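Asker: The lines below spell out each chain.
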Amino acid sequence: MSEPAIRVEGLSKCYRLGAIGRHTLVDEVQHLWCKLRGRDSNAYLGKVGGGSVPVQTDKEFWALKDVNFEVRTGEVLGVIGGNGAGKSTLLKILSRITEPTSGKATIRGRVGSLLEVGTGFHPELTGRENVFMNGTILGMRKREVALKFDEIVAFSGIEKFIDTPVKRYSSGMYVRLAFAVAAHLDPEIMIVDEVLAVGDAEFQKRCLGKMSQVAKEGRTVLFVSHQMSAVSELCDRSILMQKGSVHAEGPTDELIKGYLESNTDHASFYRANPEEKLDQQGYIAQAMVLDANQERRSKFDYKEGVSVEIRLELREIPIGTVVGASLKDAMDRRLFTTQHPLSEEERRAGRVSFLVRLPEKLLAPGGFSFQIALHLPRVKMYDYLHSVCHFEIVDTGSEFSYSKDDYGSFLVDCAWRNLSE
Amino acid sequence: MVTEIRAGQAWWKINVRELFEYRDLLMLLVKRDLTAVYKQTILGPLWFIIQPLVTTVVFTVIFGTVAQIDVGEVPHFVFYMSGLVFWNYFAGILNHGAGSLISNSNVLSKVYFPRLIIPLSGVITQLAHLALNFVTFLGFYAWYFWQGADLQPNRWLLFLPVLVLQCALMGLGFGLWVSSLTIKYRDLKFALPFMIQLWMYATPIVYPAALVVTPLYRKILWLNPMTAVVEFGRHGFTGQGSVYLGGLALSWGVTLFMLVSGLMLFNRIQRTFVDTL
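Taken in sequence, the protein lines are chains Z and U. By the working numbering, the letter at position 218 of the first sequence is numbered 218, and the numbering carries on one by one without gaps. By the working numbering, the letter at position 155 of the second sequence is numbered 155, and the numbering carries on one by one without gaps.
If you are wondering where the hints come from, they were derived from the structure by calculation, not from laboratory data. These numbers come from a predicted model, not from an experiment. Take the hints with a grain of salt, since some may be wrong.
Computed spacing ranges between beta-carbons, pair by pair [stated by the list, open to error]: (1) Z/C414 x U/I42: 58 to 68 angstroms; (2) Z/K303 x U/L277: 35 to 45 angstroms; (3) Z/C414 x U/A36: 49 to 59 angstroms; (4) Z/R16 x U/A128: 50 to 60 angstroms; (5) U/K219 x Z/E9: 54 to 64 angstroms; (6) U/L46 x Z/R128: 18 to 28 angstroms; (7) U/P153 x Z/R128: 43 to 53 angstroms; (8) Z/E151 x U/R268: 32 to 42 angstroms.
Some chain Z residues judged to face chain U by a derived CB distance under 8 angstroms, without partners named [as the list claims (entries may be wrong)]: (9) A105; (10) R108; (11) E116; (12) L125; (13) L138; (14) K142; (15) H375.
Virtual Cβ for every residue (Gly too), placed ideally from N, Cα, C.
Turn these sequences into a full structure, and let the hints steer you where they fit.
Answerer: Okay, structure coming up:
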């Protein structure tokens with residue numbers, strides 16, 4: 001049984017908030033004084049820290065807390081989690097950019113880490129010079145770069161401009177060249193962060209292809225991305241991070257499902273304060289995003305149906321009053337509106353709830369929200385919510401062969417017929 | 001190859017093997033620093049020569065002709081330039097080293113390589129500048145010599161490589177100190193150019209050390225580790241200037257102390273400096 005390629009044991013990282021970089025001379029002198037007198041300066045000055053037990057205090061932030069996991073040799077492990085879950089900190093420590101506060105990680109093999117493409121590119125140098133520069137910064141020997149040089153240039157597709165200073169490159173060319181260098185790194189262990197989120201669609205596909213090729217070659221990869229589709233495509237097993245700890249560990253697909261279901265943030269839920277609405281003839285009391293099982297959620301697979309529940313409080317609402325909901329995309333553009341004229345019984349009921357169900361496989365990955373209004377068209381607006389019920393359609397890999405994050409807003413299964421045959 | 005990542009590794013542990021593995025990067029950084037700076041300039045690398053040359057001319061006019069500081073029998077031009085050659089090498093390394101962490105933070109926060117590579121590349125880059133300056137100096141020196149000026153080259157010339165090495169180690173040592181401290185106290189970034197300039201005047205470059213006669217000031221002068229380098233170097237070429245062996249020993253003491261302590265401090269700071277950027 002061989003040792004795992006990466007073994008992380010009790011890894012923690014603490015950042016001091018606020019005080020960073022503001023140490024005063026007085027502070028330093030106090031510390032020195034305490035040291036000379038043989039006391040623990042932290043205890044003396046009422047500060048916490050220095051111990052190995054993670055304790056949360058006001059001034060400290062534990063970006064990682066007792067993280068444990070292993071990556072077997074030849075395995076492609078995904079790391080998923082929301083913003084601030086500690087993914088980036090984890091990668092920074094594993095790529096030795098910074099040190100942990102406690103715990104340790106043991107890495108067996110040469111590591112190539114890709115936290116950003118194009119690190120160390122110098123605008124004045126030519127593409128050729130930068131390939132060598134970047135390659136050696138990433139840990140290659142010069143002759144290794146020379147051996148792969150033609151391959152790198154061919155992959156980037158910018159042969160013509162290789163002797164032009166990169167400051168004259170378009171941003172797309174820059175990224176292509178940078179990724180090409182990175183993709184030809186030959187380490188035993190690769191640590192990759194989000195690099196796929198660059199370049200145009202066609203290039204992204206090539207990057208993804210290259211990544212899976214690397215994975216198939218039996219190299220160990222630790223892959224972090226917001227793009228669930230990429231993670232599920234590349235990694236059989238993943239860890240889910242939350243608030244600096246490993247929340248779950250297992251097959252990627254199950255984990256992604258769990259991640260989607262666990263995420264219910266309050267933006268997906270709206271509740272009016274009845275006190276403020278006392279003198280209103282009618283108002284929207286509550287609105288929330290639900291999944292097919294009537295559970296509150298804010299992240300959805302594109303295959304799932306999304307529903308919105310709208311609860312109205314009605315007092316003296318005239319005939320002809322309408323409740324309407326418009327779906328808006330992340331740029332706040334209105335995509336469509338659906339509305340419902342209130343019936344006689346509904347108006348009289350005083351309290352009424354509606355479930356508005358969107359068809360499944362309708363929305364393309366991206367962020368959405370609703371604009372909800374209770375109004376008498378052209379006469380009176382009783383209540384109006386500009387942007388509520390935020391939810392997100394997450395890319396879990398669709399059959400529509402999209403490969404970039406800007407999908408437009410809708411998924412439409414169009415027929416493609418070849419007319420030239 | 002097994003890498004262990006953990007907190008609180010020893011201050012004094014410097015992974016020399018790893019440094020050696022990154023030697024290609026070291027040389028590419030040197031190449032980059034030498035070529036990228038003067039792209040799109042007309043005079044290009046000539047600037048390496050023009051800068052010290054103009055400084056020498058200015059010194060000759062101001063301190064030689066106007067202030068008439070007594071530099072003995074040596075032609076003013078040779079006197080000032082011999083000091084400046086050493087000083088520029090030292091100051092260049094110090095300047096480069098001092099900015100090594102801060103000015104490369106965008107790279108250092110994205111990828112790991114031994115951070116010591118950056119200040120080390122400065123030592124080599126500046127060595128190229130030194131070579132150019134030195135050749136220029138030799139040209140003027142030869143011309144004055146041929147003109148029959150009172151120049152007495154002697155066996156101390158053989159000591160020259162040692163002086164250059166000392167300059168390098170001293171510049172590196174102080175550079176490491178400053179770059180480590182700058183992480184915490186950004187004030188140093190502003191103070192450094194000023195400090196370097198003042199330091200130059202505290203070094204016998206525009207005046208001979210022999211001009212300082214008050215015992216206290218003499219002591220202070222020789223406490224400055226650059227004093228010995230400049231005086232010994234100048235003596236080798238001209239036969240003038242003091243050959244004060246005690247001063248040389250003291251200078252080496254200071255150099256080695258600053259270098260070793262600088263390496264330790266830098267080694268300590270570089271491990272987590274990214275967190276405080």
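Asker: Are the hints correct? Go through all of them and say.
Answerer: Hint-by-hint comparison with the structure:
At roughly 59 angstroms, the beta-carbon separation of Z/C414 and U/I42 lies within the given 58 to 68 angstroms, and the hint holds. Evaluation of the 35 to 45 angstroms hint for Z/K303 and U/L277 yields a pass: the beta carbon distance comes to about 43 angstroms. Our hint of 49 to 59 angstroms for Z/C414 and U/A36 holds, since their Cβ atoms are close to 51 angstroms apart. A hinted range of 50 to 60 angstroms is violated for the C-beta pair Z/R16 and U/A128, which are about 42 angstroms apart.
Between U/K219 and Z/E9 the CB atoms are about 56 angstroms apart, so this pair conforms to the stated range of 54 to 64 angstroms. In this structure the supplied range 18 to 28 angstroms holds for U/L46 paired with Z/R128, their Cβ-Cβ distance being about 25 angstroms. At roughly 45 angstroms, the beta-carbon separation of U/P153 and Z/R128 lies within the given 43 to 53 angstroms, and the hint holds. Checked against the hint of 32 to 42 angstroms, the pair Z/E151 and U/R268 passes, with Cβ atoms roughly 41 angstroms apart.
Restraint check, Z/A105 versus chain U: the minimum CB separation of about 4 angstroms is within 8 angstroms; hint holds. Hint status for Z/R108 relative to chain U: holds, with the closest Cβ pair at about 5 angstroms, below 8 angstroms. Restraint check, Z/E116 versus chain U: the minimum CB separation of about 5 angstroms is within 8 angstroms; hint holds. With a cut of 8 angstroms, the hint placing Z/L125 at the interface with chain U holds, because the nearest CB-to-CB distance is about 6 angstroms.
Of the supplied interface hints, the one on Z/L138 holds, with its beta-carbon coming within about 6 angstroms of a beta-carbon of chain U, less than 8 angstroms. Satisfaction of the interface hint for Z/K142 is found here, the shortest Cβ-Cβ separation to chain U being roughly 4 angstroms, below the 8 angstroms cut-off. Look at Z/H375: its Cβ only gets to about 52 angstroms from chain U, farther than 8 angstroms, so that hint breaks.
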